[in-house]
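A.B. asks: Residue numbers (this note's numbering), protein chains in the order written: chain A, 1 to 346; chain B, 1 to 346; chain C, 1 to 346.
Treat each hint with caution, since some may be false.
Remember, identical chains collapse to one label, so a pair may be satisfied in a single copy or spanning two.
Said to hold, decoys possible - Straight line, CA to CA, 20 Å or less: simulated SDA-like cross-link-like pairs of lysine to any residue:
1. K299 <-> R262
2. K295 <-> D95
3. K299 <-> R342
4. K196 <-> V94
5. K295 <-> A244
6. K196 <-> P97
7. K295 <-> A280
8. K295 <-> R284
9. K196 <-> G16
10. K299 <-> D190
11. K196 <-> S32
12. K196 <-> G153
These are computed hints drawn from the structure, not numbers from a lab.
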Amino acid sequence: MAEREVRLADLAALIGGEVVGRGDALVRRVASLRAARSGDLAFFSDGRYRAELQATHASAVIVGLPERDATALPRIVCADPYLLFARAARLFHVDAPLVAGIHPTALVGPGAEIAPDAAVGPHCVVGDGARIGPGSALGPACVLGAGVSIGGGSRLHARVTIYAQCEIGPRAVLHSGVVIGADGFGYALDEGSWLKIPQTGRVRVGADVEIGANTTVDRGALDDTVIGDGVKLDNQIQIGHNVAIGEHTAIAGCVGIAGSTRIGRHCMIGGAAMIGGHLAIADRVVIAGGTVVTKSIDKPGTYVSVIPATPSREWRRTVALLRNLERMAERLRSLERRDSGREREK
Amino acid sequence: MAEREVRLADLAALIGGEVVGRGDALVRRVASLRAARSGDLAFFSDGRYRAELQATHASAVIVGLPERDATALPRIVCADPYLLFARAARLFHVDAPLVAGIHPTALVGPGAEIAPDAAVGPHCVVGDGARIGPGSALGPACVLGAGVSIGGGSRLHARVTIYAQCEIGPRAVLHSGVVIGADGFGYALDEGSWLKIPQTGRVRVGADVEIGANTTVDRGALDDTVIGDGVKLDNQIQIGHNVAIGEHTAIAGCVGIAGSTRIGRHCMIGGAAMIGGHLAIADRVVIAGGTVVTKSIDKPGTYVSVIPATPSREWRRTVALLRNLERMAERLRSLERRDSGREREK
Amino acid sequence: MAEREVRLADLAALIGGEVVGRGDALVRRVASLRAARSGDLAFFSDGRYRAELQATHASAVIVGLPERDATALPRIVCADPYLLFARAARLFHVDAPLVAGIHPTALVGPGAEIAPDAAVGPHCVVGDGARIGPGSALGPACVLGAGVSIGGGSRLHARVTIYAQCEIGPRAVLHSGVVIGADGFGYALDEGSWLKIPQTGRVRVGADVEIGANTTVDRGALDDTVIGDGVKLDNQIQIGHNVAIGEHTAIAGCVGIAGSTRIGRHCMIGGAAMIGGHLAIADRVVIAGGTVVTKSIDKPGTYVSVIPATPSREWRRTVALLRNLERMAERLRSLERRDSGREREK
Numbered sequence: 001m002a003e004r005e006v007r008l009a010d011l012a013a014l015i016g017g018e019v020v021g022r023g024d025a026l027v028r029r030v031a032s033l034r035a036a037r038s039g040d041l042a043f044f045s046d047g048r049y050r051a052e053l054q055a056t057h058a059s060a061v062i063v064g065l066p067e068r069d070a071t072a073l074p075r076i077v078c079a080d081p082y083l084l085f086a087r088a089a090r091l092f093h094v095d096a097p098l099v100a101g102i103h104p105t106a107l108v109g110p111g112a113e114i115a116p117d118a119a120v121g122p123h124c125v126v127g128d129g130a131r132i133g134p135g136s137a138l139g140p141a142c143v144l145g146a147g148v149s150i151g152g153g154s155r156l157h158a159r160v161t162i163y164a165q166c167e168i169g170p171r172a173v174l175h176s177g178v179v180i181g182a183d184g185f186g187y188a189l190d191e192g193s194w195l196k197i198p199q200t201g202r203v204r205v206g207a208d209v210e211i212g213a214n215t216t217v218d219r220g221a222l223d224d225t226v227i228g229d230g231v232k233l234d235n236q237i238q239i240g241h242n243v244a245i246g247e248h249t250a251i252a253g254c255v256g257i258a259g260s261t262r263i264g265r266h267c268m269i270g271g272a273a274m275i276g277g278h279l280a281i282a283d284r285v286v287i288a289g290g291t292v293v294t295k296s297i298d299k300p301g302t303y304v305s306v307i308p309a310t311p312s313r314e315w316r317r318t319v320a321l322l323r324n325l326e327r328m329a330e331r332l333r334s335l336e337r338r339d340s341g342r343e344r345e346k
Numbered sequence: 001m002a003e004r005e006v007r008l009a010d011l012a013a014l015i016g017g018e019v020v021g022r023g024d025a026l027v028r029r030v031a032s033l034r035a036a037r038s039g040d041l042a043f044f045s046d047g048r049y050r051a052e053l054q055a056t057h058a059s060a061v062i063v064g065l066p067e068r069d070a071t072a073l074p075r076i077v078c079a080d081p082y083l084l085f086a087r088a089a090r091l092f093h094v095d096a097p098l099v100a101g102i103h104p105t106a107l108v109g110p111g112a113e114i115a116p117d118a119a120v121g122p123h124c125v126v127g128d129g130a131r132i133g134p135g136s137a138l139g140p141a142c143v144l145g146a147g148v149s150i151g152g153g154s155r156l157h158a159r160v161t162i163y164a165q166c167e168i169g170p171r172a173v174l175h176s177g178v179v180i181g182a183d184g185f186g187y188a189l190d191e192g193s194w195l196k197i198p199q200t201g202r203v204r205v206g207a208d209v210e211i212g213a214n215t216t217v218d219r220g221a222l223d224d225t226v227i228g229d230g231v232k233l234d235n236q237i238q239i240g241h242n243v244a245i246g247e248h249t250a251i252a253g254c255v256g257i258a259g260s261t262r263i264g265r266h267c268m269i270g271g272a273a274m275i276g277g278h279l280a281i282a283d284r285v286v287i288a289g290g291t292v293v294t295k296s297i298d299k300p301g302t303y304v305s306v307i308p309a310t311p312s313r314e315w316r317r318t319v320a321l322l323r324n325l326e327r328m329a330e331r332l333r334s335l336e337r338r339d340s341g342r343e344r345e346k
Numbered sequence: 001m002a003e004r005e006v007r008l009a010d011l012a013a014l015i016g017g018e019v020v021g022r023g024d025a026l027v028r029r030v031a032s033l034r035a036a037r038s039g040d041l042a043f044f045s046d047g048r049y050r051a052e053l054q055a056t057h058a059s060a061v062i063v064g065l066p067e068r069d070a071t072a073l074p075r076i077v078c079a080d081p082y083l084l085f086a087r088a089a090r091l092f093h094v095d096a097p098l099v100a101g102i103h104p105t106a107l108v109g110p111g112a113e114i115a116p117d118a119a120v121g122p123h124c125v126v127g128d129g130a131r132i133g134p135g136s137a138l139g140p141a142c143v144l145g146a147g148v149s150i151g152g153g154s155r156l157h158a159r160v161t162i163y164a165q166c167e168i169g170p171r172a173v174l175h176s177g178v179v180i181g182a183d184g185f186g187y188a189l190d191e192g193s194w195l196k197i198p199q200t201g202r203v204r205v206g207a208d209v210e211i212g213a214n215t216t217v218d219r220g221a222l223d224d225t226v227i228g229d230g231v232k233l234d235n236q237i238q239i240g241h242n243v244a245i246g247e248h249t250a251i252a253g254c255v256g257i258a259g260s261t262r263i264g265r266h267c268m269i270g271g272a273a274m275i276g277g278h279l280a281i282a283d284r285v286v287i288a289g290g291t292v293v294t295k296s297i298d299k300p301g302t303y304v305s306v307i308p309a310t311p312s313r314e315w316r317r318t319v320a321l322l323r324n325l326e327r328m329a330e331r332l333r334s335l336e337r338r339d340s341g342r343e344r345e346k
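Using the sequences and the accompanying hints, generate a full structural model.
C.D. replies: Laid out in structure tokens, this is it:
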């Protein structure tokens with residue numbers, strides 16, 4: 001990748017923030033405080049890495065307002081150093097160029113419409129009537145069912161599967177192993193065995209959505225499963241049928257969301273949280289990693305139910321006491337009774 | 001898909017239930033209460049959606065006995081509306097027709113036996129001596145190892161991997177990204193490093209099993225991993241080596257079952273539950289979502305160990321109190337001692 | 001597979017242990033106690049299977065020192081029967097022979113260097129400048145990005161994806177569905193929507209690493225994600241960006257490790273454990289299955305935070321009491337106050 005060299009003052013004009021120190025310092029790459037060398041721009045936004053700010057070999061750094069004088073390096077001072085770092089990283093980053101066209105080993109069904117400047121990688125299978133928008137690219141071995149539609153400017157990495165009739169919006173990024181539109185888990189019990197209910201809804205994914213490696217989003221049973229604009233899903237997430245996820249909600253890895261649950265907008269859900277079915281979660285709710293949600297949440301705020309790891313001997317005692325809590329409550333009641341008896345005696 | 005239009009009374013004759021209201025109402029599709037339009041048959045089985053029963057535009061509905069008079073719409077009244085809805089949905093549903101034959105881009109090893117009416121999709125790789133039963137279909141890019149056998153009437157969606165020698169029964173549905181028969185996690189510790197134990201067992205999957213997207217079932221270390229008839233596995237489940245799952249057990253997404261555990265028949269395991277290794281779980285056990293099972297369960301019933309999400313400030317106090325439970329128990333004991341001392345003084 | 005028949009005494013000379021009983025007993029396979037037939041060597045290392053030791057039809061067994069006289073069968077007695085069984089199993093196991101060469105349906109980019117005795121399976125896609133070491137084998141439909149390097153003697157099963165520039169060490173085993181090097185989950189919040197931060201680090205995997213089916217390891221944001229030598233990862237694990245895992249650590253299925261966390265050497269992490277981001281876990285730490293780790297751990301030992309499954313009625317009472325713990329503590333304090341008031345009155 002070609003690297004562009006840029007003056008710190010010119011960079012600040014593009015990304016924001018105030019330059020303190022030499023504005024003519026040249027930077028051509030972003031790097032971590034620890035790994036940065038001459039020519040690199042680093043950033044400091046997490047107090048845990050303060051020692052690294054002192055020791056860095058970066059040519060310039062982005063820091064928050066309280067750290068204005070915490071370094072002698074040329075610096076950009078701003079309210080949100082992580083955001084400005086993100087902007088700088090995007091400026092310096094050059095994606096591999098897209099080679100438009102359909103690879104000769106790809107198979108494209110009748111009636112499929114593929115934009116002339118889109119790319120379909122080797123060994124892809126594109127179903128009948130599927131549509132791929134301008135500037136979109138499918139990596140190797142993607143499989144799109146009949147009638148699938150992919151908005152413009154989207155990127156599917158290798159080995160993504162999208163089942164028939166599902167829709168992906170523009171500027172999507174889908175990572176390797178993603179499966180969109182597999183059947184939801186729907187059965188009726190019929191004298192002890194499970195009768196499969198045909199899953200005839202679709203998945204509709206909005207604009208600017210990123211979906212991490214090996215994440216799965218099931219198609220709806222009757223209506224659609226819906227992922228809102230700007231939603232970011234990490235790896236290995238499972239989204240059940242008929243779930244709806246509001247705009248700009250971010251969900252970390254290994255989360256499971258059971259069927260028909262509605263998640264609000266601007267929520268943040270921590271890794272490995274588990275959210276039950278048929279619930280409604282309000283906008284701007286934060287769920288801590290590992291938390292289990294079994295009831296609807298109607299107010300913004302942070303919710304948690306996780307007990308942090310404890311040395312095992314200590315934990316064994318805690319669990320024993322927990323199991324004994326009812327007995328303890330009874331003993332307390334009995335003491336209270338005797339205590340008030342004694343008060344009456346006085 | 002062609003849609004068949006049917007009189008409500010004729011439908012009830014096929015699926016059961018009593019028709020109340022106009023039996024000549026015509027329906028041609030199933031739909032949710034909310035989305036239903038004219039010509040649609042909806043169902044009501046979950047009290048949370050009662051308002052939608054009143055507002056639906058469906059032409060007819062399936063309701064339970066207590067809702068016999070809860071709507072003026074033509075209706076089928078029955079003991080189990082969800083089951084009758086499932087039957088109706090199956091009647092209306094027409095699968096895409098199977099195009100038999102081996103796609104020219106598929107590779108089939110010597111000695112493989114593929115039924116003449118089976119379908120092998122593009123870019124599939126079928127190993128030496130594998131067998132695919134009548135009416136079965138492999139989607140694109142499936143990989144079957146040597147000696148794999150697939151029963152008749154089975155459907156493998158795109159990108160399923162089955163390692164060598166594993167057996168899949170008839171009428172299986174395997175979703176995209178499923179991996180059957182990868183090595184179990186078996187190592188012996190040899191002076192601080194891990195010595196891999198060859199995993200030479202197989203996976204045997206019974207009849208009428210459905211396995212969700214990106215679910216993995218490991219082959220046995222010596223003996224086989226066994227999935228019983230009628231078992232339904234949701235997405236992103238991990239089944240360790242030498243696990244046995246009894247007939248008609250249903251397991252929701254993100255569940256992990258560690259090695260050598262035996263799950264009974266007709267169990268239901270909620271999403272993200274975690275079941276330890278070398279356990280035995282009885283028939284008809286229900287495990288709530290998110291629950292951790294560390295001991296065998298020998299009685300039917302519902303088991304749970306999940307603490308529901310709580311506002312974080314409140315939860316922080318609860319955890320502090322929990323960690324302090326031992327001290328609290330001591331204080332209670334000390335009060336009891338003083339109390340009984342006082343009783344003796346009297 | 002050809003089977004070699006070997007005298008028990010000769011086997012003990014290779015794997016260690018003391019022969020008790022007939023050293024000329026012939027064995028040609030390893031098997032479980034339960035399934036063993038004549039000619040099989042079984043082992044006993046888990047007290048739960050004691051009845052099977054008595055009933056086995058094996059020709060010989062490996063037992064621990066305390067079981068020296070627990071069977072009349074020809075036996076190898078040793079301190080660690082599981083380790084000796086592993087050694088025996090490896091001796092008897094013969095891998096399918098590697099067929100060197102690049103399959104005609106595979107696509108290899110310019111500048112890729114593939115060792116002459118390596119194997120590239122059907123429908124693989126190998127990116128520009130990738131390197132595959134001697135004796136390594138790629139199963140069907142693997143996708144290697146540009147510049148990927150795979151050490152010698154490695155085995156990639158079907159459908160493994162490795163993104164550009166990532167490095168895999170020698171003697172790796174990567175199972176089907178593995179995704180190495182997808183983008184880490186990195187965004188900055190920009191007025192309510194998420195701005196993607198380019199993930200420009202790589203993944204570096206050391207020597208002798210095994211990675212289970214559908215496990216994902218994200219590339220670093222700036223620096224690399226690092227998996228140390230001898231690490232064993234089970235199925236469906238998610239490793240976030242910039243995580244470092246120390247040598248010979250073993251991690252069971254469904255574990256999630258959030259970004260920038262450093263795990264020590266020789267750790268063991270149980271299934272479905274969840275480890276938060278930016279933590280440091282010391283060497284030789286054991287985390288029980290299902291445990292949530294939210295703080296760094298600086299001492300070896302076993303850590304846990306899991307409450308075992310409980311019959312639901314009982315559990316409901318426990319949760320109610322837990323939620324009421326603060327009130328209980330207040331009542332205890334109030335009793336204590338009255339009690340010490342009474343002491344003062346005396």
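A.B. asks: Please go over all the hints and tell whether each is borne out by the structure.
C.D. replies: To see whether the hints hold, each was checked on the structure:
In the homo-oligomer, the alpha carbons of K299 and R262 lie at most 20 Å apart inside one protomer (14 Å), although the nearest pairing across protomers, at 35 Å, exceeds that limit. Taking the closest pair of Cα atoms, K295 and D95 never come within 20 Å of each other, the shortest separation being 43 Å inside a single copy and 36 Å across copies. Taking CA atoms no more than 20 Å apart as the test, K299 paired with R342 passes in neither setting, with 46 Å inside one copy and 46 Å between copies. In the homo-oligomer, the alpha carbons of K196 and V94 lie at most 20 Å apart only across protomers (14 Å), although the nearest pairing inside one protomer, at 48 Å, exceeds that limit.
Taking the closest pair of Cα atoms, K295 and A244 come within 20 Å of each other only inside a single copy of the chain (16 Å); across copies the shortest separation is 33 Å, beyond that limit. In the homo-oligomer, the alpha carbons of K196 and P97 lie at most 20 Å apart only across protomers (19 Å), although the nearest pairing inside one protomer, at 45 Å, exceeds that limit. Taking CA atoms no more than 20 Å apart as the test, K295 paired with A280 passes inside one copy only; the shortest distance there is 8 Å, against 30 Å between copies. Taking the shortest alpha-carbon separations for K295 and R284, only the intra-copy value of 16 Å comes in at or below 20 Å, while the best inter-copy value is 25 Å.
When the C-alpha separation of K196 and G16 is checked against a cutoff of 20 Å, the pair qualifies only between copies, where the shortest distance is 17 Å, while the shortest distance within a copy is 56 Å. In this assembly of identical chains, K299 and D190 lie within 20 Å of each other by CA distance neither inside one copy nor across copies; the values are 39 Å within and 23 Å between. Proximity of K196 and S32 under a CA criterion of 20 Å is satisfied inter-copy only: 17 Å between copies versus 51 Å inside one chain copy. Taking CA atoms no more than 20 Å apart as the test, K196 paired with G153 passes between copies only; the shortest distance there is 15 Å, against 37 Å inside one copy.
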